[in-house]
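Required output: the full structure, derived from the provided sequences and hints.
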Amino acid sequence: MAKKGEMLYAWTNDAALAKKAECGGAVTELLKYALESKTVDAVLAVTRGVDLYDAVPVLVSDPKSLDACAGSLHCGTILLSKLVMEYAPKMAGKKLGLVVKGCDMMGLLELAERKLVNLDNIVMIGVNCGGSVSPVAARKMITEKFSVDPNTVTKEEIDKGQFIIEYEGGHKGISMDELEEAGYGRRSNCRRCKVKIPRQADLACGNWGVIGDKAGKATFVEVCSEKGAKLLDGAVKAKKLTTEPANPKGVEIRGKVENAMLKLGDKWRKHDFEALAPALWETIAKETSRCMKCGACIEHCPVCVTRADKYQQPDLMIRHGFIPADPMFHLRRFAHISDSCINCGQCEECCPSEIPLALFSHAIRTEADKFFEPKLGKSAYTN
Amino acid sequence: MSEITSTLKYVPTTCPYCGVGCGLNLVVSDGKLVGVEPNKRSPINEGKLCPKGMTCWEHVQNPDRLTKPKIKKNGKFVDASWEEAIDLIAKKFKETSDKYGPKSLGFQTSCRTVNEDCYALQKLARVGFQTNNVDNCARICHGPSVAGLSLSFGSGAATNTFEDVLNSDLIVMWGSNAVEAHPLAGRRVMQAKKKGIKVIVVDPRLSATARLADEWIRFNPSTHIALANSMMYWIIREGLQNTVFINERTKGFDDLKKTVENYADCEEIHGVPLETVKSLARQYAKAKNAVIIYCLGITELTTGTDNVRSMGNLALLTGNVGRPGVGVNPLRGQNNVQGACDMGAYPNVYSGYQAVAVADNRAKMEKAWGMKEGSLPDWYGSTLTEQINDCGEVVKAMWVLGLNPVVSYPDSNHVMRSFEKLDFLVMQDIFWTESCEYADVVLPGTCFAEKDGTFTSGERRVNRVRKAVDGPGESKYDWEIIGMVAKKMGLSGFDWKTAKDVWDDMRSVTPGQFGVTYEKMEKPESVHWPCPAIDHPGTPILHVGKFAAADGKGTMFGLEYRPPAEVADAEYPFTLMTGRVIFHYHTRTQTDRAKQLHYEVPASYIQINTIDAKKLGIKENEKIKVSSRRGEIETLAHVSDDVAPGVTYMAMHFHKGANTLTNTALDPLSKMPELKHCAIKIEKIAGAK
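Chains A and B, in that order, are what the protein sequence lines are. All the letters of the first sequence, read from the start, carry residue numbers 168 to 550 under this note's numbering. All the letters of the second sequence, read from the start, carry residue numbers -16 to 672 under this note's numbering.
Be aware that one or more of the hints could be misleading.
[Unchecked claim] Going by beta-carbon spacing under 8 Å, a handful of chain B positions derived as facing chain A:
id : residue
1  : -12
2  : 18
3  : 166
4  : 350
5  : 565
[Claimed, not checked] Estimated spans, in silico, between C-beta atoms of each pair:
id : chain 1 : residue 1 : chain 2 : residue 2 : range
6  : B       : 226       : A       : 442       : 42 to 48 Å
7  : A       : 493       : B       : 244       : 31 to 37 Å
8  : A       : 493       : B       : 533       : 15 to 21 Å
9  : B       : 456       : A       : 287       : 58 to 64 Å
10 : A       : 493       : B       : 456       : 21 to 27 Å
11 : A       : 494       : B       : 594       : 57 to 63 Å
12 : B       : 353       : A       : 229       : 45 to 51 Å
13 : A       : 229       : B       : 476       : 41 to 47 Å
Everything labelled a hint here was simulated from the structure, so no lab data went into it. Glycine included, C-beta positions come from ideal geometry on N, C-alpha and C.
Given below as structure tokens:
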């Protein structure tokens, strides 16, 4: 019986899936098993849209459909947590499985805190995430820094501090540091992120720490909850999955990779926050003075929930129909999310006015967390 | 994705609003539209949307949608079958054409609907009725761009892409409030500004875009030519023109030089201090790469075509055409205003701007469309508002697809009176509009979320529109409706089964778009026309090395300033300018049905200057009476210094609003009515608060 805290190597027994998926295909197999065993009624997964730069969410209940969702898309920057709330209301009372990056997981935890999702009905298979690159930025980076036509790229990965592409005619890797110094690379919120292994999910999976003959052929799985342990045991018992204890050396290496990522996160926080500090008000005022009130920062925020009667309220500080939005449009939002911004970056990435919103709210939260007791109780995570 | 059975479906498509052509995902759950999600893969907007784009799904499933054909019987609209409606239309149009000839019919198509619909309607007009009386609403937005840029550069379209402003050293936005009217093109300017590229906004009004600028130059409304001529005088006087470019790539310099000699200082016309004019001239001429972005502030005037040519003059004089970071870019207003023109829904050209006056073109189309030799007309058809003016006398029957002329054309009262004179009017739309009241038959079409097709954006990129859900009730694809009438009349060549069939029909007769296939539009990069061959990559930047004109040259013109047709006087002492707000689109049939958009701007208003308001004793938000020689309205006063004394501004979105006041006077070259300038008076309403 797997136990919370246990670390394993796992791989699928389905040869076809193993070929298609990455690192042993354990994640896809676990989700398939979750459906087959009726542990969940549906899985919210991500698949490739028009090409590998296009990540598209799907809600499936047929296990066979999941094969097409195997593999990672580092240029997919979608956040699944708000989708759970918005587009899966028909799931009420039903059970849902999904793969979560750190931000997806934090978003779900925050929504649960607000009683907007019920975690009892959710199985989270966590995956390590070193950060993601917005699709258009990735294509530009591949064109300009790799001198490769992005349409010829067949595979991309982030490994050992490098962004690596395979394309028709070769493969190439460039260090993330070099790319990011030059203004390319991961989204800036990802650079600051410190939830690289989502341990508040039910299982935390990834390729960090898989060494020896299993390298590339197995998935590292850390059991994070009883629910996760049960799913894993069931899949093994049903002969869908094989596991073995993780190589202690591999566990150590995984820890080192995570630590290196966390240090890098600290470095970027120092870089971004210190630059903001001396002219904080002015910068916020200047940047938000372009706001066209599209509402994306509210709509796509997993911790921003609006009132149903918001348009019936008298407005004293924000003029109707006027852009740029009056300052309170932003101030009230920063205040609303002050102790729960998860730094998922959606507000900033979806902002048509190029306002570094995640930078502001992430700075507010991390500074506040260091000084105040949280009013919603302590989060299960720290970021 | 074919291997996946998902109950949540993302359908990548194109925003139905402005001409930027943003990509977005419509989200479908169990056959119902449930929202919009970012399409971050789109190179146009990278997932970002404006307030309209964010809410563009909300009207689609509104219970007010038209679901059945309606026929007016004894003064009342009653539901009818498609068969009855189609029979009646075919019969009435045939009768009218037989009795009064091809000029008695008018066909008007929308720039809001897909290319396929526009192509289909002009094909029906030409094949079924041998008439060139077919036009689209580009006539009242960028008609002068098509005319003016064709004269200056040989092609009536934007020269460079939206993103290309990032390669510029100076951005001059002239009569463009992009932040509100084309927000995601505005975003490119914001990005440029963040990069340190200087932005100058030339506008009579402190618009949202002017607020963003490094420098805002206020000038008197509709004095573009005087200001541009003055700039060019100083450019030439100080020897800042690009002589190499002028000699190698242009003609007409002497004509221009001679004309601008009278414009050394004309502050009394345009109101800009001489030193500011000189500084603007120097900055534009000296920038390594300078781009002009303009919009309806330039075009919607009786000097529209000359205003556009003045922008062309500036660019040609300084060599700012034909490479990255430069150019002259009209921001096309509507999602498919470029496309509607490209499709030949125009009274003097077939698709791809093939002139009807050229015998070879007519012969080619007759052959392609299976028509008798010599049957296609060579005459210049009647334009959009000319058709309105001719209602009753000349035009007896009209078919209007996706337009709301009662609200969007100048002089609403005139439009309503004209419609009443028609023998027969067909309105094809998705909602019951103010104009439907005047129809004999109202047909339920399908909206962007319910059909396949294409929109061509302002940067000549052909973007796919993909069907996400079925249309409501008995509504049909608009090209399908047109095809039904054609088939009823026994015409061949209208047997399209899919939107792609219509597109391929168009491609086969349109050299400049032959290479733009649905397959090539699969990825969101798609293709910018011209794209003459299947293996052609498309043309993001026009006029590289050679202009599109027949002689390969750009042409400069000596153009004299002319005042607008109606200027403020003692009786009507204020100038009215019109424009858009970010929260609404055109006549609001779609946007007012989105909660946030209605909340932001629920009613019409007029901006007036604080000094004028004080003189008249008018307070902020007071209901006031505004009138012109053509009509009067009541609206709310917004008092500020955003407009100069004597100048006012209204958005064009509201019924019994701006267009009750506007003037129908036409630009002689493009037949553009003077929507942006008329004289009004403002009065207090006794007892109003």
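These are the hints, each one checked on the structure:
Annotation: residue -12 of chain B was flagged as interfacial toward chain A, and the flag holds, the nearest CB pair being 5 Å apart, inside 8 Å. For residue 18 of chain B, the interface hint holds, since its Cβ comes within 8 Å of a Cβ in chain A; the closest pair sits about 7 Å apart. Evaluation of the residue 166 of chain B hint against chain A yields a held restraint, the C-beta minimum of about 5 Å falling below 8 Å. Hint status for residue 350 of chain B: violated, given a least beta-carbon distance of 38 Å to chain A, over 8 Å.
Using the Cβ-Cβ criterion of 8 Å, the hint placing residue 565 of chain B at the interface with chain A is satisfied: the shortest such distance is roughly 6 Å. Take residue 226 of chain B and residue 442 of chain A: their Cβ atoms lie about 46 Å apart, and the range 42 to 48 Å holds. The given range of 31 to 37 Å is broken by residue 493 of chain A and residue 244 of chain B, whose C-beta atoms sit roughly 48 Å from each other. With their beta carbons about 54 Å apart, residue 493 of chain A and residue 533 of chain B fall outside the hinted range of 15 to 21 Å.
Checked against the hint of 58 to 64 Å, the pair residue 456 of chain B and residue 287 of chain A fails, with Cβ atoms roughly 42 Å apart. About 42 Å separates the C-beta atoms of residue 493 of chain A and residue 456 of chain B, a value inconsistent with the hinted range of 21 to 27 Å. The hint said 57 to 63 Å for the Cβ distance between residue 494 of chain A and residue 594 of chain B, and at roughly 28 Å that hint is violated. Between residue 353 of chain B and residue 229 of chain A the beta carbons are some 49 Å apart, a value that agrees with the proposed interval 45 to 51 Å.
For the pair residue 229 of chain A and residue 476 of chain B, the supplied restraint of 41 to 47 Å holds, since their beta-carbon distance comes to about 44 Å.
Hint compliance for this structure: hints 4, 7, 8, 9, 10, 11 are broken, all remaining hints hold.
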